[in-house]
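So the protein sequences, as listed, match chains Y and U.
Residue numbers for the first sequence follow the numbering used here, so the first one is 157 and each next one is one higher.
Residue numbers for the second sequence follow the numbering used here, so the first one is 157 and each next one is one higher.
These are computed hints drawn from the structure, not numbers from a lab.
Keep in mind that a hint or two might mislead.
Which copy? The list can't say, so a pair holds if one copy fits it or any two copies do.
Straight-line Cα separation of at most 27 Å, DSS-like style, residue types lysine-lysine; simulated pairs [as the list claims (entries may be wrong)]:
{"no.": "1", "residue 1": "326", "residue 2": "288"}
{"no.": "2", "residue 1": "379", "residue 2": "287"}
{"no.": "3", "residue 1": "239", "residue 2": "287"}
{"no.": "4", "residue 1": "319", "residue 2": "379"}
{"no.": "5", "residue 1": "288", "residue 2": "359"}
{"no.": "6", "residue 1": "377", "residue 2": "288"}
{"no.": "7", "residue 1": "239", "residue 2": "379"}
{"no.": "8", "residue 1": "379", "residue 2": "359"}
Protein chains: 2
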Amino acid sequence: MAESMACKKVLSWIKDRGIPSVDLYTDCSNFRALLVGDSLRFLTTLLLTFKSDENIHSSMEEANAVQDRDHKFLRRAVEEAYKAVECGHGGPFGAVVVCNDEVVVSCHNMVFNNTDPTAHAEVTAIREACKKLNRVNLSDCEIYASCEPCPMCFSAIQFSQMKRLVYGAKAEAAIAIGFGSDRIIADALRGTTFYQKANLEIKRADGNEAIIAEQVFENTKDKFPIHSK
Amino acid sequence: MAESMACKKVLSWIKDRGIPSVDLYTDCSNFRALLVGDSLRFLTTLLLTFKSDENIHSSMEEANAVQDRDHKFLRRAVEEAYKAVECGHGGPFGAVVVCNDEVVVSCHNMVFNNTDPTAHAEVTAIREACKKLNRVNLSDCEIYASCEPCPMCFSAIQFSQMKRLVYGAKAEAAIAIGFGSDRIIADALRGTTFYQKANLEIKRADGNEAIIAEQVFENTKDKFPIHSK
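Looking at chain Y on its own, in the form it has when it is part of the complex (with noise of 0.2 Å):
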């Protein structure tokens, strides 16, 4: 109700304007997933700060700018999480590490591959771009996760100072096929200080990426019997 009250209120705005993009909003399907969690606030938020027409537009621009890249790199993560099960590595987890939207490396979870439990696949995202880069500090780094990451992989995003953390399904997706049960407890660090003193930007997909993140699990759950019913 409080989304479709903004939405009227946003396209009345932009259509008073005659703002050139005003088709690309009331395109039915990109209007909600520009409404929706955070972007519903980045709009918010442009719209009383920017005075002038001109303003408004670039900045709605930008912001649609962030959430297509956004989206393709997710979409990579995604694609790696399918891999992983199609290849037989590890369960159906991918990890994207971008530094100035160039994808330094794309991996998935390689546990089985690698005989090793702490090969999820952020944590080999991590140490691949490491290595390629030659550091341990990643703070010009951003990673794109296909689920929402285990304390593990969290915190090993938090060791290699990533600036920006962005993520598909949530947990309880990956929960849901017998992922974590009662061992890997999902919201063990969410509402703790550990997660939200995180010196990193957060941010969950919404709309459409989030679905197709979700999907990886339902899609592979057959494929990987040590984890389906």
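With chain Y held as given, fit chain U onto it using these hints.
Using the frame of chain Y, we list chain U on its own:
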């Protein structure tokens, strides 16, 4: 005061029954080592549980054997912590994986050597042990860590399904010389269900062993330029 009373009671109880090991327990340093923390609770439980002198005697010997064994492996982990700094491989942290009373691997922090921010002592030890034993499940193993594991290592220990964790120094001792600071919060997991529901026995060293493990940080801080102040 409570300990002193318990101490006197136990001593007189042992003397009254003429248990052969009485000399061992009246030895001041050993006796104190037995009467702190978990050991005191263990001894009290023994006194309440067993009725025959023979049972008490053998159970006490068993408790001593466990203590000696733990000290032996913990000291090995502490030696590794010193080695990490001496070799310039990484921070002063060591970890030993034990299976059936035998050391499987004895490792230390390799962050600098491997250019890998995830190569903490425990994670390294788990990886190496899995490689050596050719399996990802270490449920028949124990891990001895020179210092309380960080959240990444603690999660890795859980993923490997380790049955027991024994650690020396408290995390605060590492933080005091600059490890972690505000990025990695030592007590992040303490008091949360993640830590409390961990499906493994967790033992913190007490007495002399804890002191020896905590001294690592004071003794190495000058040789470890990144973290010395």
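A quick look at each hint next to the structure:
1. 326 - 288: The answer is neither: 29 Å in one copy and 34 Å across copies each exceed 27 Å.
2. 379 - 287: Classified as between; 25 Å across copies, 31 Å inside a copy.
3. 239 - 287: both (22 Å within a copy, 23 Å between copies)
4. 319 - 379: neither (34 Å within a copy, 29 Å between copies)
5. 288 - 359: within (25 Å within a copy, 39 Å between copies)
6. 377 - 288: neither (32 Å within a copy, 30 Å between copies)
7. 239 - 379: For residue 239 and residue 379, the Cα distance is within 27 Å only inside one copy (12 Å; across copies 44 Å).
8. 379 - 359: neither (29 Å within a copy, 39 Å between copies)
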